[in-house]
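Chemist: For the protein sequence lines, the chains are P and G, in the order given.
Quick note on numbering: this note's numbering labels position 134 of the first sequence as 134, and the sequence is numbered without any gaps.
Quick note on numbering: this note's numbering labels position 181 of the second sequence as 181, and the sequence is numbered without any gaps.
In case anyone wonders, no lab produced these hints; they're calculated from the structure.
Keep in mind that a hint or two might mislead.
[Stated by the list, open to error] Listed below are several chain P residues computed to face chain G (Cβ distance under 10 Å; list not exhaustive):
id: 1; residue: GLN44
id: 2; residue: ASP45
id: 3; residue: LEU46
id: 4; residue: ASP230
id: 5; residue: HIS235
id: 6; residue: GLY236
id: 7; residue: ASN240
id: 8; residue: ASP268
id: 9; residue: PRO313
id: 10; residue: MET319
As the structure is a computational prediction, the values presented were derived from the model and not from experiment.
Yeah, the Cβ is synthetic: ideal placement off N, Cα and C, and Gly gets one too.
The chain contents come next:
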Amino acid sequence: MTHKISYFFIFMFALCVASCNEDSVEPYVNVPTPSPLQIPQLFQDLILDPVIPSNNPQTEEGISLGKKLFFDPILSADNTLACAGCHSTSNAFTDDTRFSDGIDGLFGNRNSMPLFNLAWNYDNKFFWDGRESGLENQAFEPVTNPIEMHTTWAAVTEKLQQHSEYPELFNAAFGTAIVDSVLVSKAISQFERTLISANSKFDKHLLGTATLTPEETNGFNIFMDETKGDCFHCHGSDNNPLWTDNKFHNNGLDATFSDLGFGTVTGDPSDNGKFRSPSLRNLAFTAPYMHDGRFETLEDVINHYSEGLQDSPTIDPLMKKVDQGGVQLSLQEKADLKAFLLSLSDLDFINNPNFSNP
Amino acid sequence: MKRLYPLLAFSLVIIFGCSSDADDVVAPANATLTFSHYWGQTPITNSDFNTLNLTNAHGEFMSIERLRYIISDVTFTKTGGQTVLLEGYNLVDVTNQTNLSFTPNEKIAAGTYSNVSFVFGLINEKNTDGAFNDLNAASWNVPAMLGGGYHFMQLDGKFISANNAAQGYNYHTVRANDNAGPNPTFPQDTFFRVDLGAITVAADVEINVAMHVEEWFKTPYAWDLNVYNQMLMPNSAVQILMYENGQNVFTLEDTN
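One chain only, chain P, in its complex shape:
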């Protein structure tokens, strides 16, 4: 009897040891390779760290998958329109037309936003009107928007699931071959966060490797002069290389509003007519300008702030001399300001092979 009890305990001990063995059968799980963002020197020196959600770290496999998805029209109902269809690399990831046409030939009422330095949008509010919180949430919308890709996430994930390559790519990126919309948005966001632009002539000037022309220097001074352009209050400065505050302003485009912008999102009438300040980087590639693409040229934009302001109850108090139409720049000042603004454009960004169609 004593022996039987002893055998029983020995057997149970062996069972426990065996079950605790690390070599026991566990399914193989891919571990994606971390790929932290390469933060530019000026960003490192001057501003806060980028915003990366803890549940969507940057990985080589995730970025690669996101890039493939970004350029793949499979996300649209009829397989004709990719994200890149309205966010073209050569246009700093915006469209060269005022409004973009969706798969049914329908047009929206907003200009496609350029995509770069998105990880430094500290308030995490995306779109012109800030209606989506977080880049991952932003990526959800165009797929189901009836005037854009006009499909359903169920249809998209089914196509991706049946694809010859995607399930394995999802497995490599996220450890599961089961495709779902959350993982699609995560992958696209990882790729979009790599779209970093920080190598313009003005960046090089700040780093001491390029020299501005006298016109560009004078234009920068107009930009920074509160009695002239006074652009810096909303659009950053040599100490804020984002060249935007990512806040919402009514910059005096209209006396009355057909598009309420931020006001639609907040429901607060005092936000009517406000839109997010865009970055002034890459203006050489991002025409037309403003939330509705109403200005075809940079001259049009500068003329607006100089003599074209429209008063309204929600116009930002930072708009100067509204009763005179604006800040009244001379022709030379306008030309110099334009020269400076163009010095913020980054050819290396639009020619970066990492950002082109794979």
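With the hints as your guide, set chain G onto chain P.
Modeler: Just chain G, lined up with the frame of chain P:
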């Protein structure tokens, strides 16, 4: 007898644990400043913004649309005159209701202090161009042509002008400067120290500070927004007027 040893040891621990020496050591305390805002006797928050329902001392109807300001260098002064500086700064953003409470990283020893104070703005030595990444990211900078560094306050809104039209104002306080350009000069310091009075710190303490926004437009200069409304950063004379009006803006509400 052996059975008594554990009891004896336990008693000794209790006795030494209750030593009067332990009562003399009081842990340093956190000092937290909270900021509330008033127009006259009426509390204001961002929900009161954007309506032209305020009246300033000069008689103009006006609104607030944006209010941010920076305070720094919280300092406790002992009765003998010794000072304890708690390093750090805080950008109060009333528009977005952020940083309305500020606890410096350093703690303060318990005791009685003849004064607690903070700096409105940044002292010149710390107000250096581009020095603080969080303030750069918040677009809080002052152009280098005006001396660089940072704003002290951005108070924006609208007022009803003498022409009976709504017009914007930008009451931006910065270091007063002249000769805008590569070599600006500074006629007078325009940061200032706000003295809140005596305080006894026994444990973590909350110091509730009130900003009386109407005072920026009231004493000693009844601010005429028709005269001074925008483009005030390069105007040293106006910056000095703002500095003078700022002296009566902050009060200590209470401590607890």
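Chemist: Among the hints numbered above, which are violated by the structure, and what are their numbers in rising order?
Modeler: none
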